[in-house]
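**Student:** With the hints as extra help, turn the sequences into a complete structure.
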Amino acid sequence: MQALIDGSRLMTEALVRAGAEVFIGYPITPANNLYLFSGKRFKTFLAAPDEITTLQWMSGFSAAGKLPVTATSFPGFALMLESINMAYMMELPMVIVLVQRLGPATGTATSGAQGDITLLNGMLSGGYSIPVISTSTANDCWEMAEHALKTAADLRTPVILLTSKEEVMTQFSFDLDTLKEIKPIERKYYTGDEKFIPYNRDERGVPEFLPVSNDKHQVRYTASTHNANGILEGITPEALSNTIKIQEKIENNLDSYLYYEFVKEESSDTLLVSYGITANAVREAAKILKEEGRPVSVFIPKTLLPIPDLYMNIMSGYNNVVIAEENHPGLYRKLLFGAKAPANVHSVNTIGRMINPDEIIEEVKKHGN
Amino acid sequence: METKFINTNTLPFCKGCSHTTISQNTEKALQKLGKSLLDVILVTDIGCLGIIDKAFDTHTVHGLHGRSVALASGVSAGVNNPDKKVIVYIGDGGATIGMQHLLDAAHNGYNMTVVVHNNMLYGMTGGQPSEFTPKGFKTPTLPQGASHKGYDICGLVTEAGASYVSRITGIGDISDQLAEAFSRDGFSLIEVMEICTSYGVKSNPGMKLKSLIREAGIEIKVYADNKPQPYETQEREGLPSLFSSDMLIEKEFPHKLNKPLRLFLSGTAGEGVQAAAEMFIRAGMRCGLNVTKKGSYPVTVGVGFSASHIILSPEPIQYTGAPRPDVIIVTSEDGLKFAQKLIDNATKESLLLIDDSIERPVTKAKIITKTFREHVGGRNAMIMAVFEYLQQADIIPMEDLMKQFMGSKISANKTLKRLIEETFEIEG
Ligand SMILES: Cc1ncc(C[n+]2csc(CCOP(=O)(O)OP(=O)(O)O)c2C)c(N)n1
Ligand code: SF4
Ligand SMILES: [Mg+2]
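Protein sequence lines correspond, in order, to chains A and B.
Residues 0 to 368 (numbering that gives the first Met the number 0) make up the first sequence, in order.
Residues 0 to 427 (numbering that gives the first Met the number 0) make up the second sequence, in order.
Don't take every hint at face value.
In silico lysine to aspartate or glutamate, DMTMM-like type, Cα no more than 25 Å apart, as pairs [what the hints assert, rightly or not]:
1) B:K27 x A:D214
2) B:K347 x A:E358
3) A:K215 x B:E231
4) B:K258 x A:D174
5) A:K194 x B:E1
6) A:K263 x B:E314
7) A:K215 x B:D184
8) B:K83 x A:E207
9) B:K53 x A:E232
10) B:K347 x A:D214
11) A:K194 x A:E232
12) B:K14 x A:E232
13) B:K53 x A:E290
14) A:K179 x B:E1
15) A:K42 x B:D82
16) B:K258 x A:E283
17) B:K258 x A:E290
18) B:K53 x A:E81
19) B:K3 x A:E193
20) B:K83 x A:E20
FYI, nobody ran anything at the bench for these hints, they're computed from the structure.
Please read all numbers here as calculations on a predicted model, not as lab measurements.
**Tutor:** Below, the structure is given as structure tokens:
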């Protein structure tokens with residue numbers, strides 16, 4: 000049976016089913032539905048007085064062994080940045096749903112956008128990575144939300160679930176039976192008798208976890224450069240190596256949270272690339288082109304950051320690559336190809352409205368498909 | 000043997016710094032209270048006072064400058080166990096940049112004791128003044144002395160709802176005063192007046208802490224000693240799924256749509272545009288159609304236009320935009336203004352259904368004017384317009400739409416119901 004639903008509801012329900020226990024938020028359009036639904040659905044819901052507090056409270060809950068979630072948009076996210084650096088450094092799991100809207104600054108709250116990916120790429124001082132997983136369909140709102148939370152818990156890290164206004168505010172008919180079952184995360188705690196070393200890493204580079212209230216072992220969390228014991232040390236070799244190991248943990252385990260969609264048309268030398276809201280226009284454009292007898296391949300990365308080698312390999316197999324995204328400079332294209340893209344990489348960009356399939360088709364035809 | 004909370008004889012502070020007094024007396028106070036190491040969670044701010052973590056064998060958390068109280072609030076609410084004592088060490092600098100967190104924690108009654116290390120300047124960064132620097136007090140970067148009196152944090156958190164608040168002088172044995180604060184449930188704060196031997200003494204030669212406090216009119220006293228109202232984190236079990244039964248719509252009727260239909264409904268806020276659009280798509284779903292709907296309104300939702308993009312399609316809908324809708328329905332001047340661009344871009348295949356009180360715009364679209372506002376008022380104009388459109392378009396049964404209408408709150412309006420029944424010759 001069909002249900003009339005929206006992405007906010009799917010995400011909230013998925014996060015709760017996957018084991019998120021607390022939502023902390025400060026209202027901002029277009030993330031307000033996530034706040035509203037979370038207030039009805041999360042075991043614990045706290046209304047924070049601002050976004051810095053939001054992230055600090057979340058970090059405290061996370062240190063106490065809970066899995067926290069928030070949802071915000073750029074203005075709030077900007078306030079969170081220093082605290083996200085803190086949570087990253089402390090290796091605290093949490094999910095931040097970033098609902099993109101038109102910037103810069105307050106921009107237009109009620110207009111969608113895809114303008115925050117380069118910010119996400121550079122949000123950590125030092126240029127390290129936080130996993131950024133994005134949604135591009137209703138089912139993604141469900142599955143990627145689950146993956147985001149599981150990745151956060153699995154790798155002890157904040158994870159950004161990237162979406163945008165149109166994805167979380169549009170209502171649509173949807174068959175709930177297509178949703179995969181979500182089982183709650185089983186968190187692994189340190190069970191040893193020996194002294195607990197808070198930043199001692201397992202073979203995957205992930206430190207074992209204990210909540211800060213533990214009765215048996217001392218637990219230390221530190222945001223400053225620290226050694227394995229969580230002790231602030233300055234630039235000792237051990238402390239610096241710990242900083243590098245956090246990055247390696249994110250990079251080396253990328254396969255465990257790598258999500259993308261690649262629909263290959265053997266006869267085509269054109270590849271359409273997009274993510275998030277614009278992925279729908281790309282899929283529609285590909286459908287129309289196929290009906291016209293000009294099939295193209297489609298590549299929708301869902302794990303946007305860090306960028307795996309695989310993405311470059313996929314794109315290198317095409318004579319023409321068309322990247323569509325709802326920002327003016329072509330942000331993801333720049334992350335993929337640098338300041339100047341190769342001549343066979345083309346862009347479709349807009350601001351203030353969704354890209355429509357005709358614009359993508361036009362760009363494809365310009366380059367001879 | 001007494002529990003050793005501090006694991007070193009060399010604390011990381013300058014000689015004579017009052018931060019040492021606070022750390023040592025914290026240990027003594029915890030010993031007096033019979034606390035064990037893992038009963039205590041010490042959350043420290045950034046500043047000279049914050050580099051103490053490694054000396055404490057309790058649980059420790061060391062975060063950002065000014066945010067320790069907010070972080071500790073999360074820890075305290077997350078642990079949700081009053082037997083665990085959360086202690087926050089913060090400076091006058093941290094309390095300046097993060098003051099809201101102190102007010103907020105006091106307001107919520109989070110279980111913790113905040114120890115404000117007030118040495119009246121930013122020690123770590125070289126002795127700049129904070130908002131706590133008393134009038135006349137000099138620092139290396141403010142040789143002329145502060146021109147205003149400092150914040151009274153004790154007064155502020157008392158006002159915000161703290162259960163126990165006191166200000167003391169950080170000289171000698173202060174373990175009893177600390178123990179008093181630590182022993183309270185809910186939010187307690189103790190401000191310790193200190194002197195930074197490196198910068199405070201140098202800039203104010205010959206100054207004595209006690210006389211400075213007296214001359215600046217800083218009161219050493221207990222500010223609040225109320226019955227605590229400790230915070231308890233709500234953990235609600237067994238909440239229902241967000242997938243409620245009213246979201247489910249069963250197919251009941253046939254439809255006659257063979258390709259996607261994109262509509263733009265544009266009217267005035269408060270005139271039921273969104274409700275009409277929802278009625279329309281729900282009726283569509285009842286015929287097995289795929290639908291999408293998105294609302295557009297100004298940020299202040301109660302004024303100006305209100306519009307809705309809807310799509311009905313026999314096939315799955317991917318792209319939810321409609322740069323050129325097949326149908327535009329306009330029921331007010333606000334709606335016309337907002338739909339103007341779409342009307343300008345419309346082709347001769349499009350249809351514009353517009354209330355006859357509005358001047359007909361220039362457009363390639365086929366225009367149909369009808370009287371809605373005059374008959375049913377602005378509030379119900381869009382509902383009537385949707386009925387009108389669907390009667391003409393004949394894509395889903397009117398019976399379906401009527402059923403949807405009857406199931407919605409709007410049908411409580413008896414006059415409207417009668418008007419719909421008469422105009423469209425259909426039973427409710
Ligand atoms: C966001 C931010 N701004 C500025 C600083 C630099 N900073 C570090 S400590 C400090 C002031 C510390 O003063 P206080 O809290 O009074 O502690 P004290 O050193 O006096 O013990 C400042 C401004 C910082 N770490 N973070
Ligand atoms: S600089 Fe001042 S506040 Fe910092 S340790 Fe030295 S005396 Fe104490
Ligand atoms: Mg200070």
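**Student:** Against each hint, give a clear statement of whether it holds in the structure.
**Tutor:** How the hints compare with the structure:
1. Under the criterion of a C-alpha separation no larger than 25 Å, the hint pairing B:K27 with A:D214 is consistent with the structure, at around 21 Å.
2. Only pairs whose Cα atoms come within 25 Å are accepted, and B:K347 paired with A:E358 is accepted, the gap being roughly 22 Å.
3. Distance hint between A:K215 and B:E231 is fulfilled; the C-alpha atoms sit about 24 Å from each other, no more than 25 Å.
4. In summary, the hint linking B:K258 to A:D174 is supported, as the alpha carbons are separated by about 20 Å, within the 25 Å threshold.
5. With a CA separation close to 21 Å, the supplied pair A:K194 and B:E1 stays within the 25 Å bound.
6. The suggested pairing of A:K263 with B:E314 holds, with an alpha-carbon distance near 22 Å, which does not exceed 25 Å.
7. Simply put, A:K215 and B:D184 have alpha-carbon atoms about 24 Å apart, close enough for the 25 Å limit, and the pair holds.
8. Taking the CA atoms of B:K83 and A:E207, the gap is about 22 Å. The hint holds against a cut of 25 Å.
9. Our distance criterion of 25 Å between C-alpha atoms is met by B:K53 and A:E232, whose separation comes to about 10 Å.
10. Simply put, B:K347 and A:D214 have alpha-carbon atoms about 75 Å apart, too far for the 25 Å limit, and the pair is violated.
11. A C-alpha spacing of about 20 Å is found between A:K194 and A:E232, which places the hinted pair at or below 25 Å, so the restraint holds.
12. As the CA atoms of B:K14 and A:E232 are separated by approximately 21 Å, the hinted pair is consistent with the 25 Å bound.
13. Under the criterion of a C-alpha separation no larger than 25 Å, the hint pairing B:K53 with A:E290 is inconsistent with the structure, at around 67 Å.
14. The suggested pairing of A:K179 with B:E1 is violated, with an alpha-carbon distance near 56 Å, which exceeds 25 Å.
15. Proposed proximity of A:K42 and B:D82 is supported: the alpha carbons are some 22 Å apart, at most 25 Å.
16. As the CA atoms of B:K258 and A:E283 are separated by approximately 14 Å, the hinted pair is consistent with the 25 Å bound.
17. A distance of roughly 15 Å separates the Cα atoms of B:K258 and A:E290; the hinted pair therefore holds under the 25 Å criterion.
18. For the suggested pair B:K53 and A:E81, the alpha carbons sit about 23 Å apart, so the restraint of at most 25 Å is met.
19. The straight-line distance between the Cα atoms of B:K3 and A:E193 is roughly 20 Å, inside the 25 Å bound, and the hint therefore holds.
20. The suggested pairing of B:K83 with A:E20 holds, with an alpha-carbon distance near 21 Å, which does not exceed 25 Å.
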